[in-house]
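Chemist: Sequence:
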Amino acid sequence: MVERGGKKGDWNCEACKVTFPYKSALKAHEKSKGHIERTKPKSKQLSNWLKTSV
1 MVERGGKKGD WNCEACKVTF PYKSALKAHE KSKGHIERTK PKSKQLSNWL
51 KTSV
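Per UniProt numbering, the very first residue in the sequence shown carries number 1; after that it's consecutive.
By construction, these hints were calculated from the structure, which means they are not laboratory data. Since the model is a prediction, treat every value here as computed from it, not as a measurement. Treat each hint with caution, since some may be false.
Distance condition first, Cα-Cα at most 20 Å in a straight line; then the derived SDA-like pairs of lysine to any residue [claimed, not checked]:
| # | residue 1 | residue 2 |
| --- | --- | --- |
| 1 | K23 | P41 |
| 2 | K33 | A15 |
| 3 | K31 | E14 |
| 4 | K40 | Y22 |
| 5 | K40 | P21 |
| 6 | K40 | V18 |
| 7 | K40 | D10 |
| 8 | K27 | C13 |
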């Protein structure tokens, strides 16, 4: 899901709609909790929510 941007040095995270100047910054972002939450499959997220709410 990671795409190289048009300008030199642009690294985009499509799921989070964020652009980074360096690949290392993008890699660090991919390990962050916010990114992981956004990229989880919706069905899995829903089933986890159902397990915790019962």
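Chemist: Please go over all the hints and tell whether each is borne out by the structure.
Modeler: Now for the hints, and whether the structure bears them out:
Only pairs whose Cα atoms come within 20 Å are accepted, and K23 paired with P41 is rejected, the gap being roughly 24 Å. Taken as a hint, the K33 and A15 pair is honoured in the structure, with Cα atoms around 13 Å apart against an allowance of 20 Å. For the given pair, K31 sits about 15 Å from E14 by alpha-carbon distance, which is consistent with the 20 Å threshold. Under the criterion of a C-alpha separation no larger than 20 Å, the hint pairing K40 with Y22 is inconsistent with the structure, at around 24 Å.
The suggested pairing of K40 with P21 is violated, with an alpha-carbon distance near 25 Å, which exceeds 20 Å. Using a Cα cut-off of 20 Å, the hinted pair K40 and V18 holds, with the two alpha carbons roughly 17 Å apart. Distance check on the hinted pair: K40 and D10 sit about 24 Å apart at the alpha-carbon level, beyond 20 Å; violated. The suggested pairing of K27 with C13 holds, with an alpha-carbon distance near 10 Å, which does not exceed 20 Å.
Consistency with the previously given hints fails for numbers 1, 4, 5, 7, ordered from lowest to highest.
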